[in-house]
Amino acid sequence: MDSPKLGTIETIAILSLIMANKIILNLPKDIISSTGSSAWLNTIYIIFLALIFVLIITKLLCSFNGKDILDISQYLGGKPLQYIIGTIHILIFMAIILLILKNFTTTLKTIYFEHSPIIFVMLFFIVAASISNKFGIKPIAKVTLFIFPLATIGLIILLFSPASDFQIQRLTPIFGYGLDKTFIQGTMNIFALSGLGYIFFLPTLMDKNTNLRKIALFSLGISGFFLFLSTFCLLLVFSFIIDTNESMLLYVLTMFMRHGNLIHGINTLFVLVWILSIIAYISTTFSFALFILKKTLNLKEIDSSNYCICTIILGAAVLLQNFTDFGRSFEYIIQYIILAFVFVADPLLLLIANIKQKLSSSRSKQSILNRKECL
Amino acid sequence: MNNFFKSLKKVFTFTDDKHHLFRYDNASSDSSSSSDSNNDSNLNSNEPNSTDSTTKKINSSISENQKYLEKAYNTKLSTDIVIRNFNVLVQNVRYKAFLIFIDGMVDSNLINDFVLSPLMLRNKANSYDGKQKKLVSEDIINNVKIKNYENKKISKSNLTTFVYNNLLPQNSVKKVLEFSDVFSAVNMGDCVLFIDTIEEAYDIDVKGFKQRSIEAPTNEVVVRGSQESFVENLRTNTSILRRLINNENLVLESIKVGKITKTNVSIGYINGITNKKLVAEVKYRINNLDIDYLISSGQLEQLIQDNPNSIYPQMIATERPDKVVNYLFDGRVCILVNGSPYALVLPGVFVDFLSSPADFNLKYQFANLGKIIRLFSLLLSVLLPGMYIAVTNYHHELLPTELLFTIAASRESVPFPIVVEILLMEISFELIREAGVRVPTPLGPTIGIVGAIVLGDAAVSASLVSPILIIIVAITGICSFAIPDFSLNFTFRICRFLYIILGYLAGFLGIAAGIFVQMVLMCNLKTFGADYLDPIPINKRSISTYFVLPIWKRERKSDFVRPQKKYSEGKISMKWRYK
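As you go down the protein sequences, you meet chains A and B in turn. When we follow the working numbering, the leftmost residue of the first sequence carries the number 1, and every step to the right adds one. When we follow the working numbering, the leftmost residue of the second sequence carries the number 1001, and every step to the right adds one.
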């Protein structure tokens, strides 16, 4: 009786959790180190840019009611273009999983598994993601729906817990390292909201794609709020010139929590929630990669592909871990590639497809109606 | 070498000789062997595609029918099968007849007084041959009594109808044409009347077997609520439901399941409330079971559930009629199996297994307190041992320093790692629990308590386990008893062992991975079209909710069953407050 497609709330939860995980994965620290005390201003700025981005792409997507970027690329350049776009996106999603695995498991290993090999830690994430993906994206989205409130409540508690250590002076100078760093070079920090790139694939996965714009805006609102809050609170607690060697600034923040004598080391509980959150993130990204693979290659079942991709990612993550310097460069390169595709190439593709559609004389009244309904 | 392999093969394969030891030898058997073979042939003939004896029509020759039944029932061996031969007087003509029934399953007085007497003893009814004038009515006109007689002569050939209409003063008599119906009726405690020259038999309801009376529920005890429970007899169970629902829209459809047992299964739902597609799906699944026998609702549950390999219960099994009635009004379907004192309610979603029957009767504040405690105890029963291992092995910082020292001190003399300790104790606890179920009732609780205390104390004294671990295992055990559903309890007992291993392997990382996978499995599960974790995310105002709403706010029926009627209350249910 129930459709296997994603509902509105599930989609919002998925998008918001993907972007909220960037906070766990230390994005606020990167923003603070690149812009200084103006990080909170920069956050507002990138949220504004992301808002414009969302408005544009949802408008462009609405012309192709119920079609995702793969369908649109097929419309534009036939099967070859679909293969190219599909392959690039699969690689991007695999790279995202790779980076999350590398970064988060390194932190976990440092904190709890000093004597265990990194592959052992990674295995738990990969196996959980692999098992979950046997059942498709819908159950993962539902679980995300459970985890998302936990993660957000945890974040709020964590961010406000060191309120007594907040110092307003740390917000000065207002423009941090300068206007240029805040508003021009700081534009690159929009990577923190690159989770919006998942929107390109949502129309075919969603139950009602007429809500796409609302979903995107709502998700951006939630994740933007948390990004701003985390940057703002971290800035109030830590001096922006102090660059901690800790890979997770939020974990350091847990040390500032005061919680009486009953419970010690409450940070462990936060780590438990973050692990759940990261597994959800990896599983979701994984299912998007599998979805693209299935659609591009017209596969009937993806179980074997699931295991294949898992093994490849695990192997690549271990390799990446062994080459630390290459790993850092790889991370930067991937970051730029993601930015280029999510915020430039994909919207450009959509724009060209829209122009093609406009130029085609047989534009029926139905497509106009679709657009109106969508907006 | 070849010889060696041949001899090895001989050792490890079951040869014909070996099989011969266990196989029943037809040739060496006595007279009973023939009856056994008859039995076999009867069972085999139940094959649906064969031209079997059970679909055989009743013969007009009474001796043929009797021979056939004697053979089928092995009357020489089965002494409880009674065939009573006699002559019946119909329209002043004597016919040979016999009654077949099972001793112990019928009420002898009913047979004597209302079957044999009217048939055997001469009376107005059986001696009326159509030549006499039949008095139809009497009128009194001007104080003069006028008798009206029927002039129509009754046809002699219509013997069947005559017997049915005049000679069987019983409320439940059915004409049967096939032997399959005869067997079914006799096996259910009816007696069947055969009369010579008639190609039909009469199935007369004279059931009188001993059965358990309606008692208080033993496994779903409530302080406030009905003290009636289902029994093994299907008709008693259906009558309880009829009495409680008290509406003509309650439908109780009967289906026979099992090629040999032909067990009566009743599908109950309320017309106008329950989704017709759901009812059709249930009937479709039950009708398409190719099994020889069905003894209990537990067997049926396993045969018709969506995911047979899933460890989660997907149907509510209850012995409480009031619980079934509540769910029927919610738009669910219930299944009653003859011989089983448990009804199945479907679809059953996760939250239903956390609900206690008392939740329906208690104030919502009390019910919610109970539900929160049950939810909490469920989490503890699954995660506590795993968490304990995780905390003591990987996340020491979570514990206050004093407690950490206490744990360390208590483990000082224990030679095993914590995982061995906890597995040892958990397995011992499971053993005690299992033994407690098997031992005779008066000894059961004693074994449990004595076993737990003695074993625990001895284990600590022998430094096999630490005292804190005993506390952990005891809390886990107590919490597991707070889970209202027996099947769900089993599910989480299995999960507990998995979390122990995961906690040992990777602490909270392992546990988090386990939780995630378990939740995905639960989210993926569907039961009769309903999502297992419904009603998530929105707590709709129905009886299946994670938190019990006040009774006046339980306006809606559960959405996941797509009921025909969506509301069970008016917008304002307590109208007296606003008048």
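Quick caveat, the hints were computed from the structure, so don't treat them as lab data. Fair warning: there could be bad hints in the mix.
What the hints assert, rightly or not - Straight-line Cα separation of at most 25 Å, BS3-like style, residue types lysine-lysine; simulated pairs:
(1) Lys1175/B <-> Lys5/A
(2) Lys5/A <-> Lys1277/B
(3) Lys1067/B <-> Lys208/A
(4) Lys300/A <-> Lys1566/B
(5) Lys134/A <-> Lys1067/B
(6) Lys208/A <-> Lys1057/B
What the hints assert, rightly or not - Some, not all, of what chain B presents toward chain A, calculated at C-beta under 7 Å:
(7) Asn1393
(8) Tyr1394
(9) Leu1398
(10) Ile1447
(11) Gly1448
(12) Val1450
(13) Ile1494
(14) Cys1495
(15) Ala1512
(16) Ala1513
(17) Phe1516
(18) Cys1523
Yeah, the Cβ is synthetic: ideal placement off N, Cα and C, and Gly gets one too.
### Task
Could you tell me which of the hints above the structure violates, numbers in ascending order?
When the structure is compared with the hints, numbers 1, 3, 4, 5, 6, 7, 10, 11, 12, 13 and 14 turn out to be violated.
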